[in-house]
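A.B. asks: Read off the chains here:
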Amino acid sequence: MSSICFQFDLRVIRTDHEKWVTLIQGLCNEEFGAYLEERVEPFGEAAESALADLMDTWDKFRDFPSFDDYDDGENSIRFTVSGGYGLPEEVAKLQQLFSLCGAQVTVIDQSLVDRDDL
Amino acid sequence: MTIPDLGFTNDETWKNQREILWAHIEVEIKKNLRKKELASVKNYFFTGNLDGGYPVSDNSLILYFPRQDFEGWDYVFSTLVKKVDRFEHNFYYSVYGYPDVMPEMNTRVLFFDYFHAETFSPSIRSRIPIGKEGVVVEINANKYRLMGFFLSDLVALMEKGKETICENRVRYFFSLLSEFDLDGTDKNMEERNMRLFRRILVQCVKKSDPDDASKLSFAKDLAHFLESHKAPQALLDLWSEVKQEKEVE
Numbered sequence: 000m001s002s003i004c005f006q007f008d009l010r011v012i013r014t015d016h017e018k019w020v021t022l023i024q025g026l027c028n029e030e031f032g033a034y035l036e037e038r039v040e041p042f043g044e045a046a047e048s049a050l051a052d053l054m055d056t057w058d059k060f061r062d063f064p065s066f067d068d069y070d071d072g073e074n075s076i077r078f079t080v081s082g083g084y085g086l087p088e089e090v091a092k093l094q095q096l097f098s099l100c101g102a103q104v105t106v107i108d109q110s111l112v113d114r115d116d117l
Numbered sequence: 000m001t002i003p004d005l006g007f008t009n010d011e012t013w014k015n016q017r018e019i020l021w022a023h024i025e026v027e028i029k030k031n032l033r034k035k036e037l038a039s040v041k042n043y044f045f046t047g048n049l050d051g052g053y054p055v056s057d058n059s060l061i062l063y064f065p066r067q068d069f070e071g072w073d074y075v076f077s078t079l080v081k082k083v084d085r086f087e088h089n090f091y092y093s094v095y096g097y098p099d100v101m102p103e104m105n106t107r108v109l110f111f112d113y114f115h116a117e118t119f120s121p122s123i124r125s126r127i128p129i130g131k132e133g134v135v136v137e138i139n140a141n142k143y144r145l146m147g148f149f150l151s152d153l154v155a156l157m158e159k160g161k162e163t164i165c166e167n168r169v170r171y172f173f174s175l176l177s178e179f180d181l182d183g184t185d186k187n188m189e190e191r192n193m194r195l196f197r198r199i200l201v202q203c204v205k206k207s208d209p210d211d212a213s214k215l216s217f218a219k220d221l222a223h224f225l226e227s228h229k230a231p232q233a234l235l236d237l238w239s240e241v242k243q244e245k246e247v248e
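As you go down the protein sequences, you meet chains A and B in turn. First residue of the first sequence: 0, per numbering that gives the first Met the number 0; consecutive thereafter. First residue of the second sequence: 0, per numbering that gives the first Met the number 0; consecutive thereafter.
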């Protein structure tokens with residue numbers, strides 16, 4: 000695997016589950032702009048501000064990471080994020096964003112797991 | 000260059016039609032543009048004004064200007080567009096014609112005519128100086144690349160009945176086709192074009208659908224062009240091969 004890849008596991012409150020499904024599925028469908036802003040809005044101002052910061056980073060790198068392998072469990076949502084050299088910074092900001100939206104976030108550096116498998 | 004008359008943007012009927020078009024466009028551009036950028040693009044789309052506070056990309060400036068005609072594009076290319084390469088980019092992409100933004104075929108044909116002469120010419124100059132640098136752009140057209148655009152569209156016509164620029168500019172297409180050859184300049188492009196050509200020719204020898212007049216008419220014109228032996232050898236060989244395969248079936 001040439002690109003860097005992280006696996007996200009989000010534990011979310013049941014009442015917010017639908018909002019999370021729309022948000023994460025949207026990212027997997029490459030809906031990053033105003034769609035994403037609209038979907039983060041219900042989680043409050045702190046989350047909106049974290050998203051603005053993340054979007055500034057995307058603007059800086061002039062690229063979006065790739066969201067894949069979406070898996071929806073009863074109380075958790077899993078997916079992977081892969082991208083180029085700017086990804087570690089973006090992953091840290093994604094982690095902060097999702098936490099501010101009320102999720103318990105676990106991130107595993109999948110690239111390291113892949114290397115260990117070799 | 001002074002801004003062309005945009006008085007029609009105050010017309011309620013025009014605004015209502017524009018709203019319908021915007022709804023289609025917004026679905027796609029919302030994926031990448033942030034709310035504040037989207038608001039600037041929307042303001043430009045409806046008024047032609049760039050006072051929304053955030054920059055609008057060059058291609059959006061070209062495609063979303065309220066006035067979609069030669070006068071409008073002259074103004075946009077000479078006054079608003081920043082990068083000179085947008086002229087050459089749209090020289091090729093005008094073959095597809097952006098149906099999402101230009102739903103009417105007449106506008107798409109006009110956009111094609113803005114960049115192309117009546118028949119294919121390998122050398123094209125922009126009508127006006129372009130971009131910040133204010134230079135008259137000269138294009139040395141890559142005929143293989145241009146042909147690739149036409150062939151992709153023609154495959155869509157022959158296999159799916161899509162409306163294409165080509166049907167409206169048949170003379171241009173055949174003038175480009177008469178220059179089609181395989182000289183090894185760009186092997187990948189040549190191979191891709193031949194694969195697309197094969198798909199088109201297979202449709203031409205198939206029992207035609209009598210309801211699809213455009214497809215039938217184009218298939219007839221193409222067959223005539225190939226049978227009249229004005230066609231380059233590579234195409235004649237491919238045509239014989241496809242016809243032979245049909246006979247064997």
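If you are wondering where the hints come from, they were derived from the structure by calculation, not from laboratory data. Check each hint, because a few of them may be wrong.
[Said to hold, decoys possible] Heads up, simulated DSSO-like pairs for lysine-lysine below, C-alpha to C-alpha not over 30 angstroms straight-line:
1. 142(B) - 81(B)
2. 59(A) - 29(B)
3. 18(A) - 41(B)
4. 92(A) - 29(B)
5. 142(B) - 159(B)
6. 82(B) - 59(A)
7. 131(B) - 35(B)
A.B. asks: Against each hint, give a clear statement of whether it holds in the structure.
C.D. replies: Structure-based check of all given hints:
1. 142(B) - 81(B): 26 angstroms, holds
2. 59(A) - 29(B): Holds: residue 59(A) and residue 29(B) sit about 19 angstroms apart, inside 30 angstroms.
3. 18(A) - 41(B): OK: residue 18(A) and residue 41(B) at ~27 angstroms, within 30 angstroms.
4. 92(A) - 29(B): This hinted pair holds, its Cα atoms lying about 21 angstroms apart.
5. 142(B) - 159(B): 25 angstroms, holds
6. 82(B) - 59(A): Answer holds: residue 82(B) to residue 59(A) is near 20 angstroms, not above 30 angstroms.
7. 131(B) - 35(B): 25 angstroms, holds
The structure is consistent with each of the numbered hints, conforming to all of them.
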